[in-house]
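Participant: Based on the sequences and whatever the hints tell you, model everything.
Number of protein chains: 2
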Amino acid sequence: MNQADIYHVGLAERSYDIHLQAGCLENIGAVTRKLFPSAERCMVVSNDIVAPLYLDVVEKSLATAGWKVFKHILPDGEHFKTVDTWSAIMDALMDSRLSRNEPIIALGGGVVGDMTGFAASCYRRGIPFVQVPTTLLAQVDSSVGGKTAVSHPHGKNMIGAFYQPRLVWIDSNVLKTLEPKQLRAGLAEVIKYGAIWDREFFNFIEDKAENLLSLDEAAINKVIVESCRYKAEIVMQDETEQGARALLNLGHTFGHAIEAMTHYTAYLHGEGVAIGMRMAARLSEMRGDAPQGTEAAMVKALIALELPIAPPTFTATEWLDAMGHDKKNIGSRIRYVLLKGIGQGFIAEDVGNDEIVSLIESFKDIT
Amino acid sequence: MNQADIYHVGLAERSYDIHLQAGCLENIGAVTRKLFPSAERCMVVSNDIVAPLYLDVVEKSLATAGWKVFKHILPDGEHFKTVDTWSAIMDALMDSRLSRNEPIIALGGGVVGDMTGFAASCYRRGIPFVQVPTTLLAQVDSSVGGKTAVSHPHGKNMIGAFYQPRLVWIDSNVLKTLEPKQLRAGLAEVIKYGAIWDREFFNFIEDKAENLLSLDEAAINKVIVESCRYKAEIVMQDETEQGARALLNLGHTFGHAIEAMTHYTAYLHGEGVAIGMRMAARLSEMRGDAPQGTEAAMVKALIALELPIAPPTFTATEWLDAMGHDKKNIGSRIRYVLLKGIGQGFIAEDVGNDEIVSLIESFKDIT
Numbered sequence: 001m002n003q004a005d006i007y008h009v010g011l012a013e014r015s016y017d018i019h020l021q022a023g024c025l026e027n028i029g030a031v032t033r034k035l036f037p038s039a040e041r042c043m044v045v046s047n048d049i050v051a052p053l054y055l056d057v058v059e060k061s062l063a064t065a066g067w068k069v070f071k072h073i074l075p076d077g078e079h080f081k082t083v084d085t086w087s088a089i090m091d092a093l094m095d096s097r098l099s100r101n102e103p104i105i106a107l108g109g110g111v112v113g114d115m116t117g118f119a120a121s122c123y124r125r126g127i128p129f130v131q132v133p134t135t136l137l138a139q140v141d142s143s144v145g146g147k148t149a150v151s152h153p154h155g156k157n158m159i160g161a162f163y164q165p166r167l168v169w170i171d172s173n174v175l176k177t178l179e180p181k182q183l184r185a186g187l188a189e190v191i192k193y194g195a196i197w198d199r200e201f202f203n204f205i206e207d208k209a210e211n212l213l214s215l216d217e218a219a220i221n222k223v224i225v226e227s228c229r230y231k232a233e234i235v236m237q238d239e240t241e242q243g244a245r246a247l248l249n250l251g252h253t254f255g256h257a258i259e260a261m262t263h264y265t266a267y268l269h270g271e272g273v274a275i276g277m278r279m280a281a282r283l284s285e286m287r288g289d290a291p292q293g294t295e296a297a298m299v300k301a302l303i304a305l306e307l308p309i310a311p312p313t314f315t316a317t318e319w320l321d322a323m324g325h326d327k328k329n330i331g332s333r334i335r336y337v338l339l340k341g342i343g344q345g346f347i348a349e350d351v352g353n354d355e356i357v358s359l360i361e362s363f364k365d366i367t
Numbered sequence: 001m002n003q004a005d006i007y008h009v010g011l012a013e014r015s016y017d018i019h020l021q022a023g024c025l026e027n028i029g030a031v032t033r034k035l036f037p038s039a040e041r042c043m044v045v046s047n048d049i050v051a052p053l054y055l056d057v058v059e060k061s062l063a064t065a066g067w068k069v070f071k072h073i074l075p076d077g078e079h080f081k082t083v084d085t086w087s088a089i090m091d092a093l094m095d096s097r098l099s100r101n102e103p104i105i106a107l108g109g110g111v112v113g114d115m116t117g118f119a120a121s122c123y124r125r126g127i128p129f130v131q132v133p134t135t136l137l138a139q140v141d142s143s144v145g146g147k148t149a150v151s152h153p154h155g156k157n158m159i160g161a162f163y164q165p166r167l168v169w170i171d172s173n174v175l176k177t178l179e180p181k182q183l184r185a186g187l188a189e190v191i192k193y194g195a196i197w198d199r200e201f202f203n204f205i206e207d208k209a210e211n212l213l214s215l216d217e218a219a220i221n222k223v224i225v226e227s228c229r230y231k232a233e234i235v236m237q238d239e240t241e242q243g244a245r246a247l248l249n250l251g252h253t254f255g256h257a258i259e260a261m262t263h264y265t266a267y268l269h270g271e272g273v274a275i276g277m278r279m280a281a282r283l284s285e286m287r288g289d290a291p292q293g294t295e296a297a298m299v300k301a302l303i304a305l306e307l308p309i310a311p312p313t314f315t316a317t318e319w320l321d322a323m324g325h326d327k328k329n330i331g332s333r334i335r336y337v338l339l340k341g342i343g344q345g346f347i348a349e350d351v352g353n354d355e356i357v358s359l360i361e362s363f364k365d366i367t
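Heads up: the sequence lines are chains A and B, in that order.
Heads up: the first sequence at position 246 corresponds to 246 in the working numbering, and the numbers run straight through without jumps.
Heads up: the second sequence at position 339 corresponds to 339 in the working numbering, and the numbers run straight through without jumps.
Incorrect hints may have been included.
[What the hints assert, rightly or not] Computed beta-carbon distance windows for the label pairs:
(1) E349(A) / N203(B): 57 to 65 Å
(2) F346(A) / I347(B): 50 to 58 Å
(3) D91(B) / S38(A): 36 to 44 Å
(4) D95(B) / I347(A): 21 to 29 Å
Derived from the structure by calculation, the hints contain no laboratory data.
Note that CB positions come from ideal geometry on N, CA and C, so glycine has one too.
Facilitator: Laid out in structure tokens, this is it:
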């Protein structure tokens, strides 16, 4: 097997490692046995797309390491990220009688990880959980940092907890079975790190777009490693998003609105974020925060990654209403992550509704 | 107004004060305004017993201090402590569009506090919450320490979070409208502190039983103050119940089983705990952990407080099954809080099912 890259997320008693290694999936049994020496049982939560591909390997590895394994399979898709689906996980946990020291393992993408993490945080007021992310988006973003949630009909990820995993176990080999659309959606979150902090990384991703889309091992491993490093650093600085961590929401206020207005069926999360980053870039230019050309640079990179760039057509009122419920607001004001240029994100607290209306209108004719 | 007693629960960034003062209910507006200077809106959650009595005072006080107040009223009773009731609080929070820095206030007993706290912990991954406990049980126990939860059909308080309030605001005057049955149930949790740690306090409660039952101000204030002091100390030592805090579960493994087997309708929580403490005392004697007379001393005190002492009739299998889901288990073993005598609790990890069977059988003839 390849060399492992390991990042430590240092959060006092909530610290954990991110372990990246091609082919490591089959070692999940051994590592969890070592991490939870006194536990007997565990539960693997996956979905009906991932389970047929990888649950066998995981289950075998766990059984070999002496685990009694319970399983719970979710329906795939963002629109199943609901209180009802979470409640069914809770029922399965109750039936399994898992104890406080026995772990739950999330095998899947961001939706599986977010819901499993929230279930782990609630069952017996918290049991250990392990992230085994199988999509690029989950590997570079959602599996690290402890944001767990389900959505409410009135807002995405509005019900959840900050609850850190005890381990993030990333096998880049599993990306080989990932739908190209899902791979591209993950790359939206990767280029986001570049857009916020690192113009060089942004350029690297654009330059290597073809290699990334064809899963060239060196390129894909570099972006996973760098992304996890960024994510781990920011989570250590600001675990519960009181400040700097909010920058990671670049494109997300618009993106969540896009997902909500289209009922979580038309766009993947990463696709919404891609369009949202383009909108944030334009807004930054319109306000004079970013130099001209910022939106063009963003658009060029997103096109190279074969991501969507055109906001869906809704009225300004519909946009504002959909964004009003975004949970990063302070008071009644909406906070936006904007750019001072590619590689430099910042939080704007003073964006007026009229500016959003102008932005939405500006997309009417020329997209 | 009387002098205030204030205890500080020191938990780093999760620290807060317990404020005890007869008549302080009408100052809830001023204190929350000071605590959350940048917030505009808040939500008060209460139930249909407490709201008609005290919601007006609270609402007026909040409005006077400049708060925009949302309200949500729950049905009263332990059997409404469900995912569905919690989900309705989440809907109300979504409708209110409360922001991350805007607080939710629990006005009621333990059920209201536990559910409101759990809702606060989940909404937008956590908003501030304030406990205004209106039952003795909530004032001396459940409002302090951050244990929040709802119940699952298969086990009490199985779904929840450790989530500390930002303030506990206790007005002992409200006990004047409390049903005598509820007052007695609260005294069960008070005498528990004595049984675990302090024989002198135990004796004081027994001696003053009549004064306490008639709400003599000096006596009742002393027990609230002492109980909050015990609770605050143990929470500071062991916030998430990894060790010493588990002692507070004296009588709770049996008590939860009693509540569950009777579907949360026949016994108040404190009544279940009273019977459970008596059972724990007998088990301690049977095992030779406690000297003879321990159970008799417990029974005498419980009778003085007019609390029930007779376990309901169920088979040993029913008891074991009902206790199997109690969330304080490690692995498949059930942990019991037992006594080395009145004033000295300890955790027993080695209680066999056969001992429980003998205990249950011993209650068959002589109760």
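Participant: Now, for every hint given, state plainly whether the structure supports it.
Facilitator: Cross-check of the supplied hints:
1. E349(A) / N203(B): 57 to 65 Å: holds (59 Å)
2. F346(A) / I347(B): 50 to 58 Å: holds (52 Å)
3. D91(B) / S38(A): 36 to 44 Å: Holds - the Cβ-Cβ distance for D91(B) and S38(A), about 40 Å, lies within 36 to 44 Å.
4. D95(B) / I347(A): 21 to 29 Å: holds (27 Å)
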